[in-house]
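Undergrad: Below are the chains, spelled out letter by letter.
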Amino acid sequence: MKGLTLRNLHKTYFDLNMGSRVTAVQDVSLHIREGEFVAVVGPSGCGKSTILNMVAGFLPATKGEVLVGDRPVKGPGPDRGVVFQNFALFPWKTVIDNVGFGLKMRGIPKPERDRIAREFLALAGLTNAADRYPNELSGGMQQRVGVVRALANEPDVLLMDEPFASVDAQTRMTLQEELTRIWQERRHTVLFITHDVGEAVFLADRVIVLSKGQVLREIDIPISRPRAWDTVSEQDDFKRLSSEVLQMVRSA
Amino acid sequence: MSQLGQVLEQYGRWAARWPTIAALVPFLPIVALWWGVAAAEVFPRAFFPGPLEVVNGFAVLTYKGILPAYLEDSIGRLALGAACGIAIGVPLGLLVGLNRAAHTALWPLVLFFQAIGDIAWLPLLLIWFGFGLTTMTFVIVYTVIFPVVFNTALGVRSIAPELVRAALSLGASRIAVLREVILPGALPNIMTGLRNGLGYGWRALIAAEIIVGTSGIGFMMFDARRAGSAVEIVIGMIVLGLLWYVVDAWILAPIERATGQRWGLIARS
Chain A
-14 MKGLTLRNLH KTYFDLNMGS RVTAVQDVSL HIREGEFVAV VGPSGCGKST
36 ILNMVAGFLP ATKGEVLVGD RPVKGPGPDR GVVFQNFALF PWKTVIDNVG
86 FGLKMRGIPK PERDRIAREF LALAGLTNAA DRYPNELSGG MQQRVGVVRA
136 LANEPDVLLM DEPFASVDAQ TRMTLQEELT RIWQERRHTV LFITHDVGEA
186 VFLADRVIVL SKGQVLREID IPISRPRAWD TVSEQDDFKR LSSEVLQMVR
236 SA
Chain B
-2 MSQLGQVLEQ YGRWAARWPT IAALVPFLPI VALWWGVAAA EVFPRAFFPG
48 PLEVVNGFAV LTYKGILPAY LEDSIGRLAL GAACGIAIGV PLGLLVGLNR
98 AAHTALWPLV LFFQAIGDIA WLPLLLIWFG FGLTTMTFVI VYTVIFPVVF
148 NTALGVRSIA PELVRAALSL GASRIAVLRE VILPGALPNI MTGLRNGLGY
198 GWRALIAAEI IVGTSGIGFM MFDARRAGSA VEIVIGMIVL GLLWYVVDAW
248 ILAPIERATG QRWGLIARS
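Protein sequence lines correspond, in order, to chains A and B.
Residue 160 in this note's numbering sits at position 175 of the first sequence; the count goes up by one each step and never skips.
Residue 50 in this note's numbering sits at position 53 of the second sequence; the count goes up by one each step and never skips.
I should point out that these hints are in silico values taken from the structure, not numbers from a laboratory.
Mixed in with the good hints, there may be bad ones.
Which stretches of chain B does chain A cover? Using the computed rule of at least three CB atoms under 8 Å from a CB of chain A, they are [stated by the list, open to error]:
#1 150 to 162
#2 165 to 178
Going by beta-carbon spacing under 7 Å, a handful of chain A positions derived as facing chain B [unchecked claim]:
#3 Pro57
#4 Phe86
#5 Gly110
Note that CB positions come from ideal geometry on N, CA and C, so glycine has one too.
Whole structure, please, built from the sequences with the hints as guidance.
TA: Listed below in structure tokens is the structure:
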């Protein structure tokens, strides 16, 4: 596990519709400590997904750099596990082969990677789904596989791009609780992108509010763990912090 | 009208239970019509043989070993041509689908040569290679390649970019992305291309055999014309149709469906 540093990150691109250069991310600096859970929240178009794509190495930064520990990011790599909004599971692989994919890329033989994959599947209550194909699973189950696939590869940093945005509200709350539970056991360094203020406050140690490609403010979330929606949603701290973040997002 | 609908519905249910028989039923009225026209001697019998004569001729040709031998020749040529066509078409399709520069450079050529058509090459091929297997293989390869290239490129482009990103962020090399993501992702489309390509290739082969041939089903049919044997020509036509039906309905279509459906890429009907 390592920390994650974003140093003066810029992203501009040429917008064909507008016929001019557009700034998506402007001078964002951020340090996520080893084992810290940071959520970046902001309205759509604020540049939060662009930041994640640069950290993941999918997009080159126009200026600035991203460091995992003290190693600069050059492109996508297994040190940064990514959980996608639309799951991005391989439809032609069974659940267990999806989860074992990263291990396969490292050359770990099949019996060994199946053993590891089963361990991680059990972590998310997916033991019985091991031999099914992704299209046979509900959205919630698919995203559990997506999370577990990223975790099974033991990344230094976990990047999550609105991972629960496309599942129904009840499932979303369950997934959020499961994520906090798993995170507490394993203490990954997490960069979590969302537009959902409640989700950001519920999950994170620290919330970054983003506006027009810039960091508007950082807020620590000192709510005790383990966190469960039943108790957390009743806490005054949670209510106060949520409305504070919400106001900032809405003014952004 | 509603009674007809009921009958059709009944038939649909029955057909689902007995697919092999259901595949034969549509031919019954056609055979009956053929029988009737032949029996009425609207045309002279020698020009328009009836079903019985054709079945008879089929038995004789099979017994003499001519039909099996020619069939073997034709299928062998198709298999060889198809194998070469896939070996060239799939990599070319991958290249065109994956690489923008390759697409820009090759696409006009692909379109241009596709338009020329297989048979249009024959005169030149005969000058180059003469009457032989090389000429026929060239024609089949030429015919199979284009649908395979088009569909492979389409398949590659239809793969969600997230899947490639997911693979890369799980540590996959470029080669591993090709093997684990691009190829399986494009496979249903590759199968579609292959299915189309073989269908065209089969027809091109018969045409080539008619012109080039020294053996094969197409040669048999054209040779029969010289002998004035309408029976053998009709036998050839029936064999062509039957054989393709078997290959397509029993082999190619199930593979295409299996790859796409199991993965949820094609909606279940």
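Undergrad: What are the numbers of the hints the structure violates, in ascending order?
TA: 3, 5
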